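Undergrad: Sequence:
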Amino acid sequence: MQLLRMFTAICMVLFAGTLARADVFTVVDVPIDAYGASVTEARRAAISAGTEEAANRLVERLTLQSDRYEANWSQIDAALASQLVAGIQIQDEKRSNRRYLGRLQVTFDQTRVRDFLRAQNLPFVEAQTANALILPVWNGAEGAVLWRNNLWRQTWQNSRPEHDLTPLNLPLTDLGDQQALTANQAIRFEHEALATLAKRYDVTKIVVAIATNNGPGRVEVRVGIVSWNDEGRASVRHQRFYGDGNDMGTGLRALKKAYVRARADLVASLEREWKQRAVVRNDTITQVRLTASYTSLSQWRRIRDVLAKSPLVREARLDALSADGALMTLTYVGTEQQLATQLAEGGVLFGDSDIGPVARLR
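Going letter by letter, the sequence shown gives residues 2 to 363 in my numbering.
Just so you know, not all the hints are guaranteed correct.
To be verified - Below, simulated DSS-like cross-link-like pairs (lysine-lysine); rule was C-alpha separation at most 27 angstroms, straight line: (1) Lys95 x Lys206; (2) Lys310 x Lys200; (3) Lys258 x Lys95.
None of these hints come from the bench; they were simulated from the model. Just so we're clear, the structure is a prediction, and the values are computed from it rather than from any experiment.
All chains should be modelled from the sequences, with the hints used to inform the complete structure.
TA: Structure below.
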């Protein structure tokens, strides 16, 4: 039993490592397929088209559709996209005499992209939300399935959430998970059971996505977004999403595509909500005297790191340091509420007090 507990603890540490935030300026899984007079020309054409597609996906990820419309935005072409690229990787490469196929991963230069978006008058968001859990539940004729393998779960397993603005991660599906929450508890959004799972993974949000076939090649997904505030009180928001894959074929092929599209719509909705809250629409700079409150050196380091990594913070200067607090001069862009919202996603609470603005761990 002690060995099992030790193994579980190690797995949880390793899992926590996989939840580290990734570069939102990286776009993955871009399919490429092109023909040419030779395989070299086909490869060049495929990479050029894939890079262009990736650049436009990135702009859509970081900006709101309403802002793109307001700025009279037009798509990035291949020539401009190539100027923004920092690196390219190709997976699943296939080639023949005149054809080249694969999947492209493109990492863009952050400074160049920021400068480009500002020149286009496009407000953007590059901060990620805190990691959350996704619980894909398949609700079929035999009842709800949560922990066993199914096509809906595979759709999430095949995704790459680490680059999303709102990363959703699957739990380990170990014995502890299965004991904490059943499929029936998940579809009823039972707060106590979900809170047990949230505590295991140190998250404050769980997205329960219940998929049901809605005809050949069609799926309906009922979503409950369960979140906990600083007092541990739970709330649930409900949404519905639909996927249709019949334009891609019939049977299993159509159903798989329907799942992929439903997942994409769910993620896009969460990202849109986050961008509406976090986007900075002006370059107004605010400077405040901030007290960082903590009880240990590790807490201070975490507060310091969250402040340093915030895209809204231009400077966090340390003026004085003691055993339980630090006095800082904080310079940031955006509103105070936007800064508080963004820091909260990193686990730091920011707000006014009797001694002025204070930052402390949640």
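Undergrad: Can you list which hints this structure breaks, lowest number first?
TA: 1
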